[in-house]
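Novice: The whole structure should be built from the sequences, with the hints applied where relevant.
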Amino acid sequence: MKTCLFSLLFVFASMSVFADGLLVSTDESYPNYFLRNRLTQVTVKIHGLLAETEVYQEFKNEWDKSVDAVYSFPLPPDARATEFIYWADGKVYKAVLEVREQATNPGTGQGGVIAEVNKYIGRNGIKVALRNIKPGGIQKVKLFYVSRCDYYAGQTSYRFPLATKDFITTPLDHLQFSIFVESGPEISGFDIPSHPDFTVVQNEAHALHLEMIQPKAYTAKDFEFTYTTNQSEMGVDFYSVANDTMDGHFVLNVRPENEAADAEVFPRRIIFMLGNSSNMFGYKLDQCVKAVQTSLALLNENDRFNILVYNYEVNAWQTTPVAANAANIEAANDYLDAIQSQWGSRMDLALEAALGQIADDAFVNSIVVLSDGRSPIDPRAIETANVHQAGIFPIGIGDDLDRARLEMTAALNYGFVTYFDEDDNIRAGVEQLLYKISRPILKDMVMEFGRADLYDILPEKYPSVYAGSYFFMTG
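Okay, so the sequence shown: first residue is 198 according to my numbering, each after it adds one.
Careful: at least some of the hints might be erroneous.
What the hints assert, rightly or not - Under the rule of at most 30 Å between Cα atoms (straight-line distance), these lysine-lysine pairs were calculated in the DSSO-like manner:
| no. | residue 1 | residue 2 |
| --- | --- | --- |
| 1 | K418 | K339 |
| 2 | K291 | K242 |
| 3 | K242 | K288 |
| 4 | K413 | K487 |
| 5 | K242 | K324 |
| 6 | K337 | K262 |
| 7 | K413 | K331 |
| 8 | K324 | K291 |
| 9 | K242 | K331 |
| 10 | K324 | K413 |
| 11 | K288 | K257 |
| 12 | K257 | K331 |
| 13 | K418 | K633 |
| 14 | K339 | K262 |
| 15 | K242 | K257 |
| 16 | K291 | K331 |
| 17 | K291 | K257 |
| 18 | K331 | K288 |
| 19 | K418 | K257 |
| 20 | K633 | K658 |
| 21 | K262 | K324 |
| 22 | K257 | K339 |
| 23 | K324 | K288 |
| 24 | K339 | K324 |
| 25 | K633 | K487 |
| 26 | K257 | K337 |
| 27 | K339 | K288 |
| 28 | K262 | K291 |
| 29 | K337 | K418 |
| 30 | K291 | K339 |
| 31 | K242 | K337 |
| 32 | K413 | K337 |
| 33 | K633 | K242 |
Keep in mind the hints are simulated off the structure, nothing from the lab. Predicted model, so just to flag it, every value in this text is computed and none were measured.
Specialist: In C-alpha coordinates:
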(Lines of atoms letter the chains of each structure in order from A and count residues from 1; the text may use other names and numbers.)
(Lines give C-alpha, C1' and ligand atoms only; values in the text may rest on other atoms or scores of the structure.)
Protein backbone atom coordinates (compact mmCIF):
# COMPACT_ATOMS: atom_id res chain seq x y z
CA MET A 1 0.00 0.00 0.00
CA LYS A 2 1.13 3.54 -0.79
CA THR A 3 1.06 6.21 1.88
CA CYS A 4 1.00 9.89 0.95
CA LEU A 5 2.22 12.42 3.54
CA PHE A 6 1.63 16.16 3.11
CA SER A 7 3.13 18.87 5.32
CA LEU A 8 1.19 22.15 5.19
CA LEU A 9 2.85 25.55 5.64
CA PHE A 10 0.29 28.25 6.40
CA VAL A 11 0.30 31.39 4.27
CA PHE A 12 -2.45 33.87 3.51
CA ALA A 13 -4.17 34.32 0.20
CA SER A 14 -7.65 35.01 -1.09
CA MET A 15 -10.33 32.95 -2.67
CA SER A 16 -14.16 32.20 -5.14
CA VAL A 17 -18.18 30.90 -9.08
CA PHE A 18 -21.49 32.30 -10.38
CA ALA A 19 -25.65 32.61 -10.97
CA ASP A 20 -28.29 35.13 -12.14
CA GLY A 21 -30.70 36.63 -9.63
CA LEU A 22 -34.41 37.48 -9.77
CA LEU A 23 -36.45 40.18 -8.04
CA VAL A 24 -39.91 38.74 -7.30
CA SER A 25 -42.73 41.13 -6.42
CA THR A 26 -44.66 40.38 -3.21
CA ASP A 27 -47.72 42.34 -4.41
CA GLU A 28 -50.21 40.17 -6.32
CA SER A 29 -51.42 43.28 -8.20
CA TYR A 30 -48.02 43.94 -9.76
CA PRO A 31 -48.34 43.61 -13.57
CA ASN A 32 -45.71 40.85 -13.68
CA TYR A 33 -44.22 38.35 -11.27
CA PHE A 34 -40.79 39.97 -11.62
CA LEU A 35 -39.25 43.40 -11.67
CA ARG A 36 -37.46 43.67 -14.99
CA ASN A 37 -33.78 42.80 -14.84
CA ARG A 38 -32.21 45.45 -17.05
CA LEU A 39 -28.52 44.78 -16.34
CA THR A 40 -26.33 41.96 -15.08
CA GLN A 41 -22.55 42.30 -14.74
CA VAL A 42 -20.56 39.32 -13.42
CA THR A 43 -16.88 39.43 -12.46
CA VAL A 44 -15.22 36.09 -11.70
CA LYS A 45 -11.70 35.80 -10.29
CA ILE A 46 -10.45 32.23 -10.43
CA HIS A 47 -7.47 31.13 -8.37
CA GLY A 48 -6.60 27.54 -9.24
CA LEU A 49 -9.76 25.61 -8.36
CA LEU A 50 -11.39 28.34 -6.27
CA ALA A 51 -13.34 31.32 -7.55
CA GLU A 52 -14.72 34.50 -6.11
CA THR A 53 -17.69 36.02 -7.89
CA GLU A 54 -19.17 39.49 -7.86
CA VAL A 55 -22.65 39.92 -9.36
CA TYR A 56 -24.01 43.44 -9.92
CA GLN A 57 -27.63 43.77 -11.08
CA GLU A 58 -30.19 46.51 -11.72
CA PHE A 59 -33.96 45.91 -11.68
CA LYS A 60 -36.67 48.35 -12.71
CA ASN A 61 -40.06 48.80 -11.01
CA GLU A 62 -42.31 49.29 -14.04
CA TRP A 63 -45.37 50.06 -11.90
CA ASP A 64 -46.83 53.42 -10.87
CA LYS A 65 -46.69 52.42 -7.21
CA SER A 66 -43.96 51.50 -4.75
CA VAL A 67 -43.46 47.75 -4.38
CA ASP A 68 -41.77 45.29 -2.03
CA ALA A 69 -39.88 42.37 -3.56
CA VAL A 70 -37.68 39.39 -2.71
CA TYR A 71 -34.26 39.11 -4.31
CA SER A 72 -33.52 35.42 -5.00
CA PHE A 73 -30.25 34.05 -6.28
CA PRO A 74 -29.38 30.39 -7.11
CA LEU A 75 -26.05 29.81 -5.42
CA PRO A 76 -24.22 26.68 -6.63
CA PRO A 77 -24.60 23.74 -4.19
CA ASP A 78 -21.21 24.20 -2.52
CA ALA A 79 -21.07 28.02 -2.68
CA ARG A 80 -21.29 30.47 0.23
CA ALA A 81 -22.32 34.11 0.04
CA THR A 82 -19.80 36.44 1.67
CA GLU A 83 -21.48 39.85 1.21
CA PHE A 84 -24.71 41.38 -0.10
CA ILE A 85 -25.18 45.13 -0.57
CA TYR A 86 -28.12 47.11 -1.93
CA TRP A 87 -29.01 50.70 -2.68
CA ALA A 88 -31.98 52.58 -1.19
CA ASP A 89 -32.68 56.34 -1.43
CA GLY A 90 -29.21 56.94 -2.82
CA LYS A 91 -27.47 55.19 0.08
CA VAL A 92 -25.63 51.87 0.17
CA TYR A 93 -26.53 49.23 2.78
CA LYS A 94 -24.98 45.90 3.70
CA ALA A 95 -27.33 43.01 4.53
CA VAL A 96 -26.64 40.66 7.42
CA LEU A 97 -26.12 37.18 5.97
CA GLU A 98 -27.21 34.23 8.08
CA VAL A 99 -27.43 30.51 7.33
CA ARG A 100 -31.21 30.44 7.26
CA GLU A 101 -33.98 31.53 4.94
CA GLN A 102 -34.31 35.31 5.25
CA ALA A 103 -37.43 35.64 3.12
CA THR A 104 -39.68 33.44 1.06
CA ASN A 105 -40.86 33.88 -2.49
CA PRO A 106 -44.58 34.68 -2.54
CA GLY A 107 -47.00 31.85 -3.29
CA THR A 108 -46.99 28.26 -2.17
CA GLY A 109 -44.62 27.05 -4.86
CA GLN A 110 -46.93 24.13 -5.61
CA GLY A 111 -47.40 25.08 -9.27
CA GLY A 112 -47.04 27.72 -11.95
CA VAL A 113 -44.29 30.33 -12.20
CA ILE A 114 -43.40 30.39 -8.51
CA ALA A 115 -42.80 26.64 -8.54
CA GLU A 116 -40.41 27.16 -11.48
CA VAL A 117 -38.66 29.94 -9.56
CA ASN A 118 -38.24 27.81 -6.44
CA LYS A 119 -36.81 24.98 -8.54
CA TYR A 120 -34.43 27.41 -10.25
CA ILE A 121 -33.23 28.92 -6.96
CA GLY A 122 -32.61 25.48 -5.44
CA ARG A 123 -31.78 24.46 -1.88
CA ASN A 124 -28.72 26.68 -1.54
CA GLY A 125 -30.30 29.89 -2.77
CA ILE A 126 -30.03 33.26 -1.07
CA LYS A 127 -33.21 35.29 -0.51
CA VAL A 128 -33.35 38.90 0.72
CA ALA A 129 -36.44 41.07 1.23
CA LEU A 130 -36.16 44.58 -0.29
CA ARG A 131 -38.72 47.21 0.71
CA ASN A 132 -40.36 50.25 -0.88
CA ILE A 133 -38.89 50.25 -4.38
CA LYS A 134 -40.11 53.56 -5.85
CA PRO A 135 -42.42 53.81 -8.92
CA GLY A 136 -40.23 53.63 -12.01
CA GLY A 137 -37.23 53.24 -9.71
CA ILE A 138 -34.07 51.19 -10.27
CA GLN A 139 -33.13 48.71 -7.54
CA LYS A 140 -29.39 48.06 -7.49
CA VAL A 141 -27.87 45.02 -5.76
CA LYS A 142 -24.44 43.43 -5.55
CA LEU A 143 -23.70 39.91 -4.33
CA PHE A 144 -20.32 38.35 -3.53
CA TYR A 145 -19.77 34.64 -3.05
CA VAL A 146 -17.08 31.94 -3.13
CA SER A 147 -17.27 28.48 -4.63
CA ARG A 148 -15.28 25.49 -5.75
CA CYS A 149 -14.77 24.77 -9.45
CA ASP A 150 -15.35 21.48 -11.20
CA TYR A 151 -12.13 19.80 -12.30
CA TYR A 152 -11.13 16.67 -14.13
CA ALA A 153 -8.13 15.62 -16.24
CA GLY A 154 -6.70 19.13 -16.51
CA GLN A 155 -9.99 20.85 -17.38
CA THR A 156 -11.53 23.35 -14.97
CA SER A 157 -15.20 24.18 -15.58
CA TYR A 158 -17.63 26.88 -14.44
CA ARG A 159 -21.33 27.33 -14.91
CA PHE A 160 -23.43 30.41 -14.28
CA PRO A 161 -27.19 29.66 -14.23
CA LEU A 162 -28.90 31.83 -16.83
CA ALA A 163 -31.48 29.36 -18.19
CA THR A 164 -34.57 31.26 -17.02
CA LYS A 165 -36.37 31.00 -20.37
CA ASP A 166 -39.40 29.22 -18.89
CA PHE A 167 -40.41 32.21 -16.79
CA ILE A 168 -38.38 35.22 -18.00
CA THR A 169 -39.55 36.46 -21.42
CA THR A 170 -37.91 39.90 -21.64
CA PRO A 171 -34.25 40.49 -22.57
CA LEU A 172 -31.63 42.25 -20.48
CA ASP A 173 -30.47 45.59 -21.79
CA HIS A 174 -26.91 44.58 -20.93
CA LEU A 175 -25.20 41.28 -20.00
CA GLN A 176 -21.49 41.21 -19.24
CA PHE A 177 -19.01 38.62 -17.93
CA SER A 178 -15.43 39.43 -16.97
CA ILE A 179 -13.33 36.32 -16.32
CA PHE A 180 -9.91 36.51 -14.65
CA VAL A 181 -7.82 33.36 -14.14
CA GLU A 182 -4.62 32.91 -12.15
CA SER A 183 -3.20 29.41 -12.56
CA GLY A 184 -0.15 27.64 -11.16
CA PRO A 185 0.06 25.10 -14.00
CA GLU A 186 0.45 26.53 -17.47
CA ILE A 187 -2.83 27.33 -19.25
CA SER A 188 -3.05 25.38 -22.50
CA GLY A 189 -6.54 26.28 -23.72
CA PHE A 190 -9.84 27.99 -22.88
CA ASP A 191 -13.36 28.44 -24.23
CA ILE A 192 -16.80 29.86 -23.50
CA PRO A 193 -18.87 27.28 -25.42
CA SER A 194 -22.21 28.75 -24.37
CA HIS A 195 -21.37 32.29 -25.53
CA PRO A 196 -18.58 32.04 -28.14
CA ASP A 197 -18.61 35.76 -29.03
CA PHE A 198 -16.04 36.85 -26.44
CA THR A 199 -12.89 38.98 -26.42
CA VAL A 200 -9.45 37.90 -25.18
CA VAL A 201 -7.92 40.77 -23.21
CA GLN A 202 -4.99 38.83 -21.71
CA ASN A 203 -3.65 35.39 -22.60
CA GLU A 204 -0.44 34.39 -20.83
CA ALA A 205 0.97 31.12 -19.54
CA HIS A 206 -0.43 31.56 -16.03
CA ALA A 207 -2.96 34.39 -16.42
CA LEU A 208 -6.09 34.89 -18.48
CA HIS A 209 -8.66 37.68 -18.91
CA LEU A 210 -11.76 37.29 -21.07
CA GLU A 211 -14.70 39.66 -21.66
CA MET A 212 -18.15 38.76 -22.98
CA ILE A 213 -20.64 41.59 -23.58
CA GLN A 214 -24.14 41.23 -25.05
CA PRO A 215 -26.76 43.98 -25.51
CA LYS A 216 -30.42 42.86 -25.52
CA ALA A 217 -29.48 39.43 -24.15
CA TYR A 218 -32.04 36.72 -23.44
CA THR A 219 -31.14 34.54 -20.45
CA ALA A 220 -32.07 31.34 -22.28
CA LYS A 221 -29.03 29.19 -21.50
CA ASP A 222 -26.43 28.87 -18.80
CA PHE A 223 -23.06 30.58 -19.12
CA GLU A 224 -20.27 27.99 -19.32
CA PHE A 225 -16.53 28.62 -19.17
CA THR A 226 -13.68 26.10 -19.28
CA TYR A 227 -9.92 26.24 -19.33
CA THR A 228 -7.32 23.50 -19.50
CA THR A 229 -3.91 23.18 -17.87
CA ASN A 230 -0.91 20.95 -18.40
CA GLN A 231 -1.03 18.51 -15.47
CA SER A 232 1.83 16.07 -16.09
CA GLU A 233 2.83 15.88 -12.42
CA MET A 234 1.23 16.32 -9.02
CA GLY A 235 0.35 19.89 -8.12
CA VAL A 236 -0.85 21.57 -4.93
CA ASP A 237 -3.03 24.67 -4.52
CA PHE A 238 -3.21 26.14 -1.04
CA TYR A 239 -5.25 29.16 0.09
CA SER A 240 -6.02 30.69 3.46
CA VAL A 241 -8.00 33.64 4.76
CA ALA A 242 -7.71 35.53 8.04
CA ASN A 243 -10.91 37.38 8.96
CA ASP A 244 -11.39 40.03 11.63
CA THR A 245 -14.01 38.14 13.62
CA MET A 246 -13.02 34.52 12.98
CA ASP A 247 -9.93 32.36 13.39
CA GLY A 248 -9.51 32.11 9.64
CA HIS A 249 -9.70 29.06 7.40
CA PHE A 250 -7.72 27.25 4.73
CA VAL A 251 -8.36 25.22 1.60
CA LEU A 252 -6.03 22.62 0.11
CA ASN A 253 -6.36 21.08 -3.37
CA VAL A 254 -4.02 18.28 -4.42
CA ARG A 255 -4.11 17.51 -8.14
CA PRO A 256 -2.27 14.37 -9.28
CA GLU A 257 -1.13 13.90 -12.85
CA ASN A 258 -3.80 13.35 -15.49
CA GLU A 259 -2.52 10.00 -16.67
CA ALA A 260 -1.25 6.96 -14.78
CA ALA A 261 0.37 3.81 -16.11
CA ASP A 262 -1.34 0.50 -15.36
CA ALA A 263 1.53 -0.43 -13.03
CA GLU A 264 0.80 2.66 -10.89
CA VAL A 265 -2.90 1.96 -10.47
CA PHE A 266 -4.24 -0.09 -7.58
CA PRO A 267 -6.56 -2.98 -8.44
CA ARG A 268 -10.20 -2.11 -7.75
CA ARG A 269 -13.08 -3.84 -6.09
CA ILE A 270 -16.23 -1.96 -7.08
CA ILE A 271 -19.82 -2.72 -6.22
CA PHE A 272 -22.57 -1.03 -8.20
CA MET A 273 -25.75 -0.46 -6.18
CA LEU A 274 -28.70 0.33 -8.41
CA GLY A 275 -31.99 1.48 -6.90
CA ASN A 276 -34.99 0.48 -9.02
CA SER A 277 -37.78 1.98 -6.95
CA SER A 278 -40.93 3.31 -8.61
CA ASN A 279 -39.27 6.75 -8.63
CA MET A 280 -36.50 5.36 -10.86
CA PHE A 281 -38.62 4.15 -13.75
CA GLY A 282 -38.28 4.97 -17.44
CA TYR A 283 -35.60 7.44 -18.49
CA LYS A 284 -33.80 7.55 -15.13
CA LEU A 285 -33.48 3.78 -14.77
CA ASP A 286 -32.52 3.33 -18.43
CA GLN A 287 -29.78 5.98 -18.15
CA CYS A 288 -28.39 4.42 -14.97
CA VAL A 289 -28.32 0.93 -16.46
CA LYS A 290 -26.49 2.14 -19.57
CA ALA A 291 -24.02 4.12 -17.45
CA VAL A 292 -23.12 1.05 -15.38
CA GLN A 293 -22.74 -1.03 -18.54
CA THR A 294 -20.37 1.54 -20.02
CA SER A 295 -18.46 1.71 -16.72
CA LEU A 296 -17.84 -2.03 -16.71
CA ALA A 297 -15.73 -1.53 -19.83
CA LEU A 298 -13.33 0.64 -17.76
CA LEU A 299 -12.41 -2.32 -15.57
CA ASN A 300 -9.62 -4.80 -16.26
CA GLU A 301 -9.10 -8.42 -15.27
CA ASN A 302 -7.23 -7.46 -12.09
CA ASP A 303 -10.39 -5.75 -10.83
CA ARG A 304 -13.39 -7.30 -9.08
CA PHE A 305 -17.02 -6.16 -9.33
CA ASN A 306 -20.59 -7.02 -8.42
CA ILE A 307 -24.07 -5.53 -8.90
CA LEU A 308 -26.72 -5.13 -6.20
CA VAL A 309 -30.25 -4.10 -7.15
CA TYR A 310 -32.36 -2.82 -4.29
CA ASN A 311 -35.97 -1.81 -3.75
CA TYR A 312 -37.89 -3.09 -0.70
CA GLU A 313 -35.33 -5.91 -0.69
CA VAL A 314 -31.80 -6.49 -1.99
CA ASN A 315 -30.89 -8.77 -4.90
CA ALA A 316 -27.23 -9.51 -5.66
CA TRP A 317 -26.12 -10.53 -9.13
CA GLN A 318 -23.33 -12.67 -7.59
CA THR A 319 -22.73 -13.81 -4.03
CA THR A 320 -19.24 -12.27 -4.08
CA PRO A 321 -17.41 -9.87 -6.42
CA VAL A 322 -16.02 -11.56 -9.54
CA ALA A 323 -13.14 -10.84 -11.92
CA ALA A 324 -13.84 -8.23 -14.57
CA ASN A 325 -13.16 -10.54 -17.51
CA ALA A 326 -15.06 -10.49 -20.80
CA ALA A 327 -17.40 -13.37 -19.90
CA ASN A 328 -18.44 -11.87 -16.55
CA ILE A 329 -18.97 -8.42 -18.04
CA GLU A 330 -21.16 -9.86 -20.80
CA ALA A 331 -23.24 -11.76 -18.23
CA ALA A 332 -23.54 -8.62 -16.09
CA ASN A 333 -24.79 -6.62 -19.07
CA ASP A 334 -27.50 -9.21 -19.70
CA TYR A 335 -28.52 -9.01 -16.03
CA LEU A 336 -28.72 -5.23 -16.18
CA ASP A 337 -30.86 -5.31 -19.33
CA ALA A 338 -33.53 -7.28 -17.48
CA ILE A 339 -33.94 -4.88 -14.53
CA GLN A 340 -37.42 -3.37 -14.10
CA SER A 341 -38.88 -0.92 -11.56
CA GLN A 342 -40.20 -2.17 -8.23
CA TRP A 343 -41.38 -0.45 -5.05
CA GLY A 344 -39.33 0.46 -2.01
CA SER A 345 -35.89 2.04 -1.52
CA ARG A 346 -33.92 0.22 1.18
CA MET A 347 -30.52 1.68 0.46
CA ASP A 348 -29.55 0.93 4.05
CA LEU A 349 -29.98 -2.81 3.56
CA ALA A 350 -28.14 -2.68 0.25
CA LEU A 351 -25.17 -0.84 1.76
CA GLU A 352 -24.96 -3.39 4.56
CA ALA A 353 -24.98 -6.17 1.96
CA ALA A 354 -22.35 -4.42 -0.16
CA LEU A 355 -20.03 -3.89 2.80
CA GLY A 356 -20.48 -7.56 3.69
CA GLN A 357 -18.98 -8.47 0.29
CA ILE A 358 -15.76 -6.55 0.98
CA ALA A 359 -13.49 -8.98 2.80
CA ASP A 360 -10.19 -7.05 2.94
CA ASP A 361 -8.36 -3.90 1.87
CA ALA A 362 -6.13 -5.53 -0.74
CA PHE A 363 -8.05 -3.52 -3.36
CA VAL A 364 -9.23 0.07 -3.55
CA ASN A 365 -12.80 -0.61 -2.49
CA SER A 366 -15.63 1.48 -3.92
CA ILE A 367 -19.41 1.37 -3.67
CA VAL A 368 -21.28 3.43 -6.27
CA VAL A 369 -24.93 4.05 -5.31
CA LEU A 370 -27.38 5.12 -8.03
CA SER A 371 -30.49 6.20 -6.20
CA ASP A 372 -33.59 8.36 -5.93
CA GLY A 373 -32.00 9.59 -2.71
CA ARG A 374 -34.61 8.35 -0.22
CA SER A 375 -33.85 5.71 2.41
CA PRO A 376 -33.95 5.21 6.21
CA ILE A 377 -30.16 5.08 6.28
CA ASP A 378 -28.06 5.70 9.42
CA PRO A 379 -24.71 7.17 8.26
CA ARG A 380 -23.00 6.38 11.58
CA ALA A 381 -24.06 2.73 11.40
CA ILE A 382 -22.65 2.50 7.88
CA GLU A 383 -19.40 4.09 9.08
CA THR A 384 -19.09 1.47 11.83
CA ALA A 385 -19.68 -1.39 9.39
CA ASN A 386 -17.16 -0.02 6.86
CA VAL A 387 -14.09 -1.74 8.31
CA HIS A 388 -12.13 -1.96 5.03
CA GLN A 389 -12.28 1.75 4.10
CA ALA A 390 -14.60 1.47 1.13
CA GLY A 391 -15.30 4.75 -0.63
CA ILE A 392 -19.06 5.26 -0.85
CA PHE A 393 -20.17 7.46 -3.76
CA PRO A 394 -23.93 8.18 -3.72
CA ILE A 395 -25.48 9.51 -6.93
CA GLY A 396 -28.78 11.25 -6.20
CA ILE A 397 -31.20 11.67 -9.10
CA GLY A 398 -34.21 13.99 -9.00
CA ASP A 399 -35.48 16.79 -6.75
CA ASP A 400 -36.88 14.87 -3.77
CA LEU A 401 -33.56 13.86 -2.21
CA ASP A 402 -32.48 13.32 1.38
CA ARG A 403 -29.30 15.32 0.85
CA ALA A 404 -28.24 15.44 4.50
CA ARG A 405 -28.16 11.63 4.79
CA LEU A 406 -26.41 11.18 1.46
CA GLU A 407 -23.75 13.79 2.19
CA MET A 408 -23.10 12.58 5.73
CA THR A 409 -22.84 8.98 4.52
CA ALA A 410 -20.31 9.95 1.85
CA ALA A 411 -18.28 12.20 4.18
CA LEU A 412 -17.96 9.49 6.82
CA ASN A 413 -17.02 6.85 4.26
CA TYR A 414 -14.23 8.23 2.05
CA GLY A 415 -16.53 9.42 -0.76
CA PHE A 416 -18.54 12.30 -2.17
CA VAL A 417 -22.06 12.86 -3.53
CA THR A 418 -23.06 13.72 -7.10
CA TYR A 419 -26.51 15.13 -7.95
CA PHE A 420 -28.46 15.08 -11.20
CA ASP A 421 -31.79 16.56 -12.19
CA GLU A 422 -34.27 14.24 -13.86
CA ASP A 423 -33.80 15.95 -17.23
CA ASP A 424 -29.99 15.94 -17.12
CA ASN A 425 -27.88 13.70 -19.32
CA ILE A 426 -27.63 11.21 -16.48
CA ARG A 427 -25.74 8.59 -18.45
CA ALA A 428 -22.95 10.95 -19.48
CA GLY A 429 -22.69 12.39 -15.96
CA VAL A 430 -22.52 9.00 -14.25
CA GLU A 431 -19.99 7.76 -16.79
CA GLN A 432 -17.79 10.79 -16.10
CA LEU A 433 -18.03 10.21 -12.35
CA LEU A 434 -17.10 6.54 -12.69
CA TYR A 435 -14.22 7.43 -14.97
CA LYS A 436 -13.00 9.87 -12.31
CA ILE A 437 -12.64 7.04 -9.77
CA SER A 438 -11.29 4.51 -12.26
CA ARG A 439 -7.55 5.16 -11.77
CA PRO A 440 -6.68 5.09 -8.02
CA ILE A 441 -3.03 5.96 -7.44
CA LEU A 442 -2.95 6.89 -3.71
CA LYS A 443 -4.65 5.18 -0.77
CA ASP A 444 -4.38 5.18 3.03
CA MET A 445 -3.44 8.86 2.99
CA VAL A 446 -2.01 10.54 6.09
CA MET A 447 -1.99 14.31 6.63
CA GLU A 448 0.65 15.94 8.82
CA PHE A 449 0.19 19.56 9.94
CA GLY A 450 2.93 21.97 10.95
CA ARG A 451 0.84 23.49 13.75
CA ALA A 452 -1.53 22.19 16.41
CA ASP A 453 -4.28 24.84 16.58
CA LEU A 454 -6.40 23.44 13.73
CA TYR A 455 -10.00 22.30 14.04
CA ASP A 456 -13.13 21.57 11.99
CA ILE A 457 -11.05 19.66 9.44
CA LEU A 458 -13.05 18.28 6.50
CA PRO A 459 -13.31 15.65 5.19
CA GLU A 460 -13.20 13.56 8.32
CA LYS A 461 -11.97 10.55 6.31
CA TYR A 462 -9.35 10.97 3.60
CA PRO A 463 -10.43 9.24 0.39
CA SER A 464 -8.19 7.58 -2.16
CA VAL A 465 -6.78 9.88 -4.82
CA TYR A 466 -7.38 9.20 -8.51
CA ALA A 467 -5.40 10.19 -11.60
CA GLY A 468 -6.94 13.22 -13.29
CA SER A 469 -9.06 14.11 -10.26
CA TYR A 470 -8.21 16.08 -7.12
CA PHE A 471 -8.24 15.83 -3.34
CA PHE A 472 -9.93 18.66 -1.40
CA MET A 473 -9.71 19.50 2.27
CA THR A 474 -10.52 22.51 4.42
CA GLY A 475 -10.53 23.59 8.04
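Novice: Taking the hints in turn, state whether each one holds.
Specialist: These are the hints, each one checked on the structure:
Taken as a hint, the K418 and K339 pair is honoured in the structure, with Cα atoms around 22 Å apart against an allowance of 30 Å. The hinted pair formed by K291 and K242 meets the criterion: a straight-line CA distance of about 22 Å does not exceed 30 Å. With a C-alpha separation of about 27 Å, the suggested pair K242 and K288 falls inside the 30 Å cut-off, and the hint holds. For the hint pairing K413 with K487, the CA-to-CA distance comes to about 41 Å; that exceeds 30 Å, so the pair is violated.
Restraint check: the Cα-Cα separation between K242 and K324 comes to about 24 Å, which is no more than 30 Å; the hinted pair holds. About 18 Å separates the Cα atoms of K337 and K262, which keeps this hinted pair within 30 Å; it holds. Straight-line distance between C-alpha atoms of K413 and K331 comes to about 24 Å, which keeps the hinted pair within the 30 Å bound. As the CA atoms of K324 and K291 are separated by approximately 14 Å, the hinted pair is consistent with the 30 Å bound.
Note on K242 and K331: the hinted pairing is violated, with a Cα-Cα distance of about 34 Å set against a maximum of 30 Å. Only pairs whose Cα atoms come within 30 Å are accepted, and K324 paired with K413 is accepted, the gap being roughly 26 Å. In summary, the hint linking K288 to K257 is supported, as the alpha carbons are separated by about 17 Å, within the 30 Å threshold. With a C-alpha separation of about 9 Å, the suggested pairing of K257 with K331 holds against the 30 Å cut-off.
For the hint linking K418 to K633, the alpha-carbon distance of about 27 Å falls within 30 Å, and the restraint holds. Between K339 and K262 the alpha-carbon distance is near 24 Å, which keeps this suggested pair within the 30 Å criterion. A distance of roughly 28 Å separates the Cα atoms of K242 and K257; the hinted pair therefore holds under the 30 Å criterion. This hinted pair checks out: K291 and K331 have alpha carbons roughly 19 Å apart, not beyond 30 Å.
With a CA separation close to 20 Å, the supplied pair K291 and K257 stays within the 30 Å bound. For the hint pairing K331 with K288, the CA-to-CA distance comes to about 14 Å; that is within 30 Å, so the pair holds. A distance of roughly 22 Å separates the Cα atoms of K418 and K257; the hinted pair therefore holds under the 30 Å criterion. Straight-line distance between C-alpha atoms of K633 and K658 comes to about 19 Å, which keeps the hinted pair within the 30 Å bound.
About 23 Å separates the Cα atoms of K262 and K324, which keeps this hinted pair within 30 Å; it holds. The hinted pair formed by K257 and K339 meets the criterion: a straight-line CA distance of about 15 Å does not exceed 30 Å. At roughly 21 Å between alpha-carbon atoms, K324 and K288 fall within 30 Å of each other, so this suggested pair holds. Under the criterion of a C-alpha separation no larger than 30 Å, the hint pairing K339 with K324 is consistent with the structure, at around 13 Å.
A hinted pair counts as satisfied when its Cα atoms are at most 30 Å apart, and K633 with K487 qualifies at roughly 17 Å. Annotation: proposed proximity of K257 to K337 holds, straight-line Cα distance about 9 Å (limit 30 Å). For a cut-off of 30 Å, the pair hint linking K339 to K288 stands: about 13 Å separates their Cα positions. As the CA atoms of K262 and K291 are separated by approximately 25 Å, the hinted pair is consistent with the 30 Å bound.
Our distance criterion of 30 Å between C-alpha atoms is met by K337 and K418, whose separation comes to about 24 Å. Restraint check for K291 and K339: the C-alpha separation of about 10 Å stays at or below 30 Å, so the hint holds. For the hint linking K242 to K337, the alpha-carbon distance of about 22 Å falls within 30 Å, and the restraint holds. Taken as a hint, the K413 and K337 pair is honoured in the structure, with Cα atoms around 19 Å apart against an allowance of 30 Å.
For the proposed pair K633 and K242, the alpha carbon gap of about 26 Å is at most 30 Å, so the pair holds.
In this structure, the hints that do not hold are numbers 4 and 9, in rising order.
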